[in-house]
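Colleague: The numbers in UniProt numbering rise by one with no breaks, and the one at position 222 of the sequence shown is 222.
In case anyone wonders, no lab produced these hints; they're calculated from the structure.
Virtual Cβ for every residue (Gly too), placed ideally from N, Cα, C.
Among the clues, some could well be false.
To be verified - With beta-carbon atoms standing in for the labels, derived distance ranges:
1) Ile-72 - Pro-104: 39 to 49 angstroms
2) Ile-244 - Gly-14: 13 to 23 angstroms
3) Val-254 - Arg-81: 14 to 24 angstroms
4) Val-254 - Pro-101: 32 to 42 angstroms
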Amino acid sequence: MDGMVSELGLAGWGVLLTVGLGAGIVKGVVGFAMPMVMISALGSMVSPEVALAGLIIPTVVTNVWQALRQGIGAAWESTRRFWRFLLVGFVLLMGSAQLVPYLPKSLMSLMIGVPVAVYAAWGLSGRPLALPGASGRRGEAIMGAVAGFFAGFSGVWGPPTVAMLTARGTDMQEQMRVQGVIYGLGSVALAGAHLVSGVLNSATAPLSMALVLPALAGLWLGFRIQDRIDQRTFRKLTLLVLLIAGLNLIRRGVLAI
Numbered sequence: 001m002d003g004m005v006s007e008l009g010l011a012g013w014g015v016l017l018t019v020g021l022g023a024g025i026v027k028g029v030v031g032f033a034m035p036m037v038m039i040s041a042l043g044s045m046v047s048p049e050v051a052l053a054g055l056i057i058p059t060v061v062t063n064v065w066q067a068l069r070q071g072i073g074a075a076w077e078s079t080r081r082f083w084r085f086l087l088v089g090f091v092l093l094m095g096s097a098q099l100v101p102y103l104p105k106s107l108m109s110l111m112i113g114v115p116v117a118v119y120a121a122w123g124l125s126g127r128p129l130a131l132p133g134a135s136g137r138r139g140e141a142i143m144g145a146v147a148g149f150f151a152g153f154s155g156v157w158g159p160p161t162v163a164m165l166t167a168r169g170t171d172m173q174e175q176m177r178v179q180g181v182i183y184g185l186g187s188v189a190l191a192g193a194h195l196v197s198g199v200l201n202s203a204t205a206p207l208s209m210a211l212v213l214p215a216l217a218g219l220w221l222g223f224r225i226q227d228r229i230d231q232r233t234f235r236k237l238t239l240l241v242l243l244i245a246g247l248n249l250i251r252r253g254v255l256a257i
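With the sequences and hints as input, model every part of the structure.
Modeller: If you want it as structure tokens, here you go:
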């Protein structure tokens, strides 16, 4: 960690903390995208493994807040309703997380950047984000498997989760809560998986902990914004940022090959 501090400098740390704040704001407004914003932005400054470690603890803490914002009873009902998605996602997450130390950095950047860019471009096209069959039990399990696989090596659950919820016709308030529950339980599993894989360790944990406060501040601001502005407009701006970030990761992955 000492080496990371001296290498980044005060300006670099200022950027990192700003990234945590911005990612928290985005999550507070739309309920997701915090890991995608953080892995994309942090990945431009540090290695993919360090970027992944950095987002783990802030993701756990902010998801707990989001999940419990409407009370423990509502959160438990969401857990009961989407247990298939959670169970299948957990199994795939634990397995794919062990691949991180063995994946080339260029491959990690491409595997994260491509789905982020495709998802953002699809959303910006104005087409409804719904997948055939995703509203049934089998579709829910399949989407859980996809989400868990990508979350294991990237920390990103958002796109397949949002697709599944949209296909089920989930209203906005419940979708915010359900996302908090799904991402919260998933992020706890992610933290455990990467304690085992070695990605989250004594050298990377301080960075992750340092990003907690700006992420919480951003989440608070995002919740305030969500109550006051047209969420559809802000979500389009968020998708544009994600598209740029995803394309940047693809660029880095291609250049590293």
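Colleague: Which of the numbered hints are not met once you compare them with the structure shown?
Modeller: Numbers 3 and 4 - these are the hints that the structure violates, sorted from lowest upward.
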